[in-house]
Amino acid sequence: MNAPDRYERFVVPDGTKKVSYERDTKIINAASFTVEREDHTIGNILRMQLHRDPNVLFAGYKLPHPLQYKIIVRIHTASQSSPMQAYNQAINDLDKELSHLKGVFEYGMYGRFLVWGSGPRISVLFVELIVQNKPSGRGFEAFKGLLGESTFGCFGSTQRCRYYQRRGKQ
Amino acid sequence: MEGAKNQRFPKIKIREMKDDYLKFELRETDASMANALRRVMLAEVPTIAIDLVEIEVNSTVLNDEFISHRLGLIPLTSDRAMDMRFSRDCDACDGDGQCEYCSVEFHLSVRCDQDQTQDVTSADLQSTDPTVVPVDVAARSSSSGYDASENRGIIIVKLRRGQELRLRAIARKGIGKDHAKWSPAATVTFMYEPEIRINEELMESLSLEEKNSWIESSPTKVFGIDPNTHQVMVVDAEAYTYDEEVIKKAEAMGKPGLVEIEAKEDSFIFTVESTGAVKASQLVINAIDVLKQKLDAVRLSDDTVEADDQFGELGSHMRGG
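Protein chains in written order, with this note's numbering: chain D, 1 to 170; chain X, 1001 to 1321.
Do not rely on the hints blindly, as some may be mistaken.
[Unchecked claim] A few chain X residues that face chain D, going by a derived Cβ cut-off under 8 Å, partial list only:
1. ASN1006
2. PHE1009
3. ILE1012
4. SER1301
Rather than coming from a laboratory, the hints here were simulated on the basis of the structure.
Here a beta-carbon is modelled for each residue, glycine too, at the ideal position from N, C-alpha and C.
Chain D extracted, bound-state conformation (with noise of 0.2 Å):
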């Protein structure tokens, strides 16, 4: 009856602020960050990549209730920083490190191709290779061609391929 309702778990009401702190009164450097509307996802990495930052002296978080849907996050840094510095430095250093992390990705499964054309398995699937997003049956028919062959990681780095996986009745 007077369960909230599901969205307020994610969505941030009206007029209120996604990020706000408060600095402490009594200890320099020191501040919280209240995170609107999310949880341990967002909480823990942040606090682990705070420990990294030789500037913080003490980074933690909690979820204070778990019918509020809100974390906090407590910052005390050196002095030749401060919380809303590291804030962001942890922030921007999470992002970079996922995009590496989805590039890291692709290319793995790129790398998958290279090992499916290695086996005799390959048999049910084919390639279809487009060079430079242009469909290039020449491309295709070197492809394939190679598909019988033990190797051919001479493909991707040096062309910009996009490869498509299907199966297909071979």
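Fit chain X to the supplied structure of chain D, relying on the hints for placement.
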């Protein structure tokens, strides 16, 4: 730039990749990142699911709510979901489902006119968008998934003679945090990669029977014995479930330190199983994108910092100004 050294450059190795299953290694990062990815995959990668049902005729044995609930749980192909709008953010429509940006309409109309029981399945759902269909229907037409002849669709309700079901349903974009029907993941798990070191010297002090009984003490097949040299080796380190049975056994045999097992804290083995709404590999990519968006949203906004700068004398004093 200062602080740049705090950034990590994780590594990934994909071990097995199928449409609905993925196994990969994630290295050189910590458990917080692995767990954030897992949590995002389960609860925050958007998919499309039926969210609103208008029932015109329902003379079946199941009531309207029951059928609506069942319709909601049918996984729909959601490759479009990342580019769609949440209907609450959509200003192009009033949320009645006629909007191309935030919803997809489905129709279902089945009547049983025979003596045999008739199944109403996901295949009877008529989608207005060919890219958004029940996953089993999509698998049938692409003939890529499981055996098509085995696939009779997801049963919604069964009809006997004279019974009828006619309805209109609107599918919307959503996330698993809202309702589990929007979760694209069946299971997502990660484990720490174990590092197992056998003390060879101590091991050689055991007799063959002792070695065998020690190997047998492990509930999973982690260790094996070389039939020629009688040397104990690690057969499958990842089968180890951190049960510590072999360590207890070694102690019971009076040989503590026979084996040392450590969980590598920066190395994870992920398994991802998708419901079929998006491919497992795409699910990981979407999860990375969603996590990036979330981080972007929690950046300090300029007006928050500005408000602080006007804090006055005390504020600047506190900052040592």
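Status of the hints after comparison with the structure:
Residue-level restraint check for X:ASN1006 holds (minimum Cβ-Cβ distance to chain D is 4 Å; threshold 8 Å). At its closest, the beta carbon of X:PHE1009 sits 5 Å from a beta carbon of chain D; the interface hint therefore holds under the 8 Å criterion. Given the 8 Å rule on beta carbons, the hint for X:ILE1012 holds: about 5 Å separates it from the nearest Cβ of chain D. Of the supplied interface hints, the one on X:SER1301 holds, with its beta-carbon coming within about 7 Å of a beta-carbon of chain D, less than 8 Å.
Hint violations for this structure: none, all hints satisfied.
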